[in-house]
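K.L.:
With the hints as extra help, turn the sequences into a complete structure.
There are 4 protein chains.
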Amino acid sequence: MYAEARTLYERSGFGGRVGFGKRPAIVVIDMARSWLDDASPQGSSGLLPVLENTVKLIDVARAAGHPVFFSTMAFEKSDVAGPYGRKMLHLSQLGSLDAGSSMVELDPRLNRRADEPLLVKPRASVFWGTPFDSYLVGGGIDTLIITGCSTSGCVRATAESAHNVNLHTIVVREAVGDRSPLAHEVNLTDIDLRYADVMSLEDVSSYLKETPAQ
Amino acid sequence: MYAEARTLYERSGFGGRVGFGKRPAIVVIDMARSWLDDASPQGSSGLLPVLENTVKLIDVARAAGHPVFFSTMAFEKSDVAGPYGRKMLHLSQLGSLDAGSSMVELDPRLNRRADEPLLVKPRASVFWGTPFDSYLVGGGIDTLIITGCSTSGCVRATAESAHNVNLHTIVVREAVGDRSPLAHEVNLTDIDLRYADVMSLEDVSSYLKETPAQ
Amino acid sequence: MYAEARTLYERSGFGGRVGFGKRPAIVVIDMARSWLDDASPQGSSGLLPVLENTVKLIDVARAAGHPVFFSTMAFEKSDVAGPYGRKMLHLSQLGSLDAGSSMVELDPRLNRRADEPLLVKPRASVFWGTPFDSYLVGGGIDTLIITGCSTSGCVRATAESAHNVNLHTIVVREAVGDRSPLAHEVNLTDIDLRYADVMSLEDVSSYLKETPAQ
Amino acid sequence: MYAEARTLYERSGFGGRVGFGKRPAIVVIDMARSWLDDASPQGSSGLLPVLENTVKLIDVARAAGHPVFFSTMAFEKSDVAGPYGRKMLHLSQLGSLDAGSSMVELDPRLNRRADEPLLVKPRASVFWGTPFDSYLVGGGIDTLIITGCSTSGCVRATAESAHNVNLHTIVVREAVGDRSPLAHEVNLTDIDLRYADVMSLEDVSSYLKETPAQ
Numbered sequence: 001m002y003a004e005a006r007t008l009y010e011r012s013g014f015g016g017r018v019g020f021g022k023r024p025a026i027v028v029i030d031m032a033r034s035w036l037d038d039a040s041p042q043g044s045s046g047l048l049p050v051l052e053n054t055v056k057l058i059d060v061a062r063a064a065g066h067p068v069f070f071s072t073m074a075f076e077k078s079d080v081a082g083p084y085g086r087k088m089l090h091l092s093q094l095g096s097l098d099a100g101s102s103m104v105e106l107d108p109r110l111n112r113r114a115d116e117p118l119l120v121k122p123r124a125s126v127f128w129g130t131p132f133d134s135y136l137v138g139g140g141i142d143t144l145i146i147t148g149c150s151t152s153g154c155v156r157a158t159a160e161s162a163h164n165v166n167l168h169t170i171v172v173r174e175a176v177g178d179r180s181p182l183a184h185e186v187n188l189t190d191i192d193l194r195y196a197d198v199m200s201l202e203d204v205s206s207y208l209k210e211t212p213a214q
Numbered sequence: 001m002y003a004e005a006r007t008l009y010e011r012s013g014f015g016g017r018v019g020f021g022k023r024p025a026i027v028v029i030d031m032a033r034s035w036l037d038d039a040s041p042q043g044s045s046g047l048l049p050v051l052e053n054t055v056k057l058i059d060v061a062r063a064a065g066h067p068v069f070f071s072t073m074a075f076e077k078s079d080v081a082g083p084y085g086r087k088m089l090h091l092s093q094l095g096s097l098d099a100g101s102s103m104v105e106l107d108p109r110l111n112r113r114a115d116e117p118l119l120v121k122p123r124a125s126v127f128w129g130t131p132f133d134s135y136l137v138g139g140g141i142d143t144l145i146i147t148g149c150s151t152s153g154c155v156r157a158t159a160e161s162a163h164n165v166n167l168h169t170i171v172v173r174e175a176v177g178d179r180s181p182l183a184h185e186v187n188l189t190d191i192d193l194r195y196a197d198v199m200s201l202e203d204v205s206s207y208l209k210e211t212p213a214q
Numbered sequence: 001m002y003a004e005a006r007t008l009y010e011r012s013g014f015g016g017r018v019g020f021g022k023r024p025a026i027v028v029i030d031m032a033r034s035w036l037d038d039a040s041p042q043g044s045s046g047l048l049p050v051l052e053n054t055v056k057l058i059d060v061a062r063a064a065g066h067p068v069f070f071s072t073m074a075f076e077k078s079d080v081a082g083p084y085g086r087k088m089l090h091l092s093q094l095g096s097l098d099a100g101s102s103m104v105e106l107d108p109r110l111n112r113r114a115d116e117p118l119l120v121k122p123r124a125s126v127f128w129g130t131p132f133d134s135y136l137v138g139g140g141i142d143t144l145i146i147t148g149c150s151t152s153g154c155v156r157a158t159a160e161s162a163h164n165v166n167l168h169t170i171v172v173r174e175a176v177g178d179r180s181p182l183a184h185e186v187n188l189t190d191i192d193l194r195y196a197d198v199m200s201l202e203d204v205s206s207y208l209k210e211t212p213a214q
Numbered sequence: 001m002y003a004e005a006r007t008l009y010e011r012s013g014f015g016g017r018v019g020f021g022k023r024p025a026i027v028v029i030d031m032a033r034s035w036l037d038d039a040s041p042q043g044s045s046g047l048l049p050v051l052e053n054t055v056k057l058i059d060v061a062r063a064a065g066h067p068v069f070f071s072t073m074a075f076e077k078s079d080v081a082g083p084y085g086r087k088m089l090h091l092s093q094l095g096s097l098d099a100g101s102s103m104v105e106l107d108p109r110l111n112r113r114a115d116e117p118l119l120v121k122p123r124a125s126v127f128w129g130t131p132f133d134s135y136l137v138g139g140g141i142d143t144l145i146i147t148g149c150s151t152s153g154c155v156r157a158t159a160e161s162a163h164n165v166n167l168h169t170i171v172v173r174e175a176v177g178d179r180s181p182l183a184h185e186v187n188l189t190d191i192d193l194r195y196a197d198v199m200s201l202e203d204v205s206s207y208l209k210e211t212p213a214q
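Residue numbers (my numbering), protein chains in the order written: chain A, 1 to 214; chain B, 1 to 214; chain C, 1 to 214; chain D, 1 to 214.
If you're looking for bench data, these hints aren't it; they were derived computationally from the structure.
Owing to the predicted nature of the structure, the values given are computational and were not obtained by experimental measurement.
Heads up, some of the hints might be wrong.
Identical chains share a label here; the pair holds if one copy fits it or two copies do between them.
[Unchecked claim] Here are the simulated DMTMM-like cross-link-like pairs (lysine to aspartate or glutamate), alpha carbons at most 25 Å apart as the crow flies:
#1 K77 - E10
#2 K209 - D98
#3 K77 - E116
#4 K77 - D59
#5 K22 - E210
#6 K22 - D115
#7 K209 - E185
#8 K77 - E105
#9 K56 - E210
#10 K77 - D115
#11 K22 - D38
#12 K77 - D38
#13 K22 - D98
#14 K77 - E174
P.N.:
See below:
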């Protein structure tokens with residue numbers, strides 16, 4: 001239903017292919033209980049396939065020796081006192097991401113290793129308000145592969161940030177999701193036109209297997 | 001058609017109202033010929049009402065003594081050599097925003113004054129790669145009112161950045177636009193749910209008139 | 001001994017006075033055991049007067065209703081794997097700021113309150129890799145008063161960052177310090193010429209008392 | 001005269017060697033007339049050897065195929081209205097870096113090529129308020145070699161920023177300078193202890209010659 005937008009944008013010169021680079025890393029956005037568990041005000045168990053596909057992809061990455069990063073969010077009361085908390089009522093009123101709560105912990109199926117950094121990000125993009133760029137530069141990363149949720153929020157914002165610094169930015173279609181299927185689809189199109197190549201799990205897995213670790 | 005997304009997001013606690021603060025500024029995003037002129041590969045004269053409504057609003061702001069900022073974009077060949085230029089073919093191949101071209105100049109109807117800063121921004125958000133935040137902090141601004149184009153690109157990215165730093169962020173419905181009406185509508189909804197209050201030209205004009213200048 | 005530098009810089013137009021603004025906040029840089037305790041490889045009990053003067057100042061600020069922020073640093077092994085850790089051997093080899101260690105905790109004499117944010121900063125400036133700017137914008141802060149250590153490192157870097165965004169930046173002479181008295185003196189001069197007004201504890205205390213809370 | 005500081009800092013674990021990486025770039029900071037010409041209020045012809053050594057180094061870099069970047073500064077009146085301009089009186093009152101003036105142009109002996117980006121930076125660090133990081137990431141750069149002026153200002157600030165993002169950061173002793181020889185010496189020491197390896201022109205030239213271009 002969003003084909004009109006794609007047509008108009010491609011005609012204007014958006015939507016080129018950035019392609020893969022030579023040194024990839026994966027970032028898994030916000031695969032914590034607060035987003036995956038229906039008991040959370042913002043949670044949706046409909047995202048479980050996203051988790052499963054993410055697990056498949058990071059297993060491939062680990063086997064091939066590519067770095068994996070994770071993010072979550074967690075807030076104290078004083079962190080959500082201003083306009084940010086007024087827009088995000090789940091944070092400021094519903095306590096869905098309270099620091100110290102089990103809701104902000106990564107899903108155990110991700111099996112995070114001690115040498116895989118966890119970024120506690122204060123905003124949608126994992127680059128904003130964190131030292132994430134320093135890990136990428138320090139590791140010589142030129143390709144950022146994004147999985148997790150939500151497509152219309154933290155995934156899109158992270159893809160924009162990665163694109164801004166000239167990373168080859170890839171979003172894995174089957175490994176990102178959104179509580180709204182409609183928001184998922186239109187934002188995936190915007191992402192593909194503006195910020196990142198949206199690619200299949202299969203193609204990204206093949207690339208990770210074929211690419212030598214540093 | 002995007003009502004599903006709104007319903008699901010509001011149920012999850014998104015979409016609170018940030019409201020107005022006490023010290024507003026307006027930023028006019030990319031109202032230059034390259035976006036407004038059909039002769040440009042990325043241009044659309046369908047955006048002329050956006051320009052007209054922006055002019056109305058900045059006239060109100062000037063009369064009330066509130067600061068006005070403008071942005072445009074302009075690139076040398078070496079600026080678009082990497083993944084950024086590979087995604088944005090209008091920049092790297094079509095030359096739609098070449099530095100020095102008349103296409104990157106602000107529309108003369110905006111009548112920019114010498115004391116109104118012009119930010120030449122390298123990416124979608126006017127905050128990214130520019131000193132824009134220093135003008136806002138230096139001016140004691142707590143409310144950023146956004147007009148211009150495109151809703152699905154630079155307007156949304158700027159709203160996200162402003163929200164990130166806890167500005168009261170307001171997007172003026174009749175004074176923003178997009179080459180795709182569909183992209184305009186869905187992104188306006190995402191913006192309203194996540195980053196900024198989307199408000200009418202009339203309500204924002206009233207606020208600007210009633211609010212004392214510093 | 002650094003008078004030559006001051007003379008040459010003032011003759012060139014550096015060293016103007018920024019003065020106080022209307023809405024101050026205090027940030028206390030790195031007054032944790034790792035910096036204050038001789039048992040730490042980077043610690044110096046010579047900084048205790050800095051702590052005592054900081055406590056005096058934040059008591060004044062609290063009584064007057066002005067916000068107070070704190071910083072510390074803490075690292076996992078994976079955080080110091082690149083060039084950053086190669087330069088900072090106390091972090092990467094001596095473990096002086098290991099996450100979870102009591103060494104990274106704020107000195108209890110600061111008596112931090114639950115509504116006073118603690119920034120765990122990854123680099124010298126408290127603005128870098130943290131959401132610190134969002135607290136200042138959200139609180140309408142226009143004046144940042146800096147105390148803590150080290151003058152030649154985190155204090156100077158924070159003063160530079162605050163100056164960059166057009167905050168009225170003030171460094172409190174008796175409430176900042178350095179493990180090297182010489183580094184303290186020359187950096188205090190550089191700070192005063194380039195980034196912030198260096199002022200006395202007495203003058204800053206008077207200002208805080210006289211300035212109405214928001 | 002600053003040996004005390006070095007001793008105390010090295011004993012605390014500062015001053016490790018970061019060494020060279022594999023993909024270098026050079027950034028030449030502010031070698032424009034306003035800094036090099038005694039006719040400018042902030043200028044000093046004493047910096048001419050810095051220019052000459054910079055020219056030698058960039059000739060080596062060009063011959064070896066390594067990228068070269070340049071910076072300058074330039075301001076409109078509205079850019080220096082707040083605390084930044086109040087500290088920097090040469091900018092706000094003496095007009096030493098007025099946009100459009102010949103004073104802000106690079107020295108012609110640098111012979112900048114069309115494909116060598118020029119960053120017009122608004123603050124001391126070339127990373128701040130510019131898209132500089134996107135050029136480095138897009139070019140796969142892991143080593144930043146810094147030349148130009150002033151050691152106690154823009155050189156130090158740029159070294160700190162580069163260190164923050166985990167670049168191998170190198171400052172070339174004979175190719176950086178300061179209007180104050182004393183400020184030069186103490187800041188070079190601080191830089192070496194905290195942010196970058198300070199190395200000789202000869203050693204850096206050898207490295208550039210021996211390192212294959214990408």
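K.L.:
Compare the structure with the hints numbered earlier in the document and write down the numbers of the violated ones, lowest to highest.
P.N.:
Of the numbered hints, 2, 7, 11, 13, 14 do not hold.
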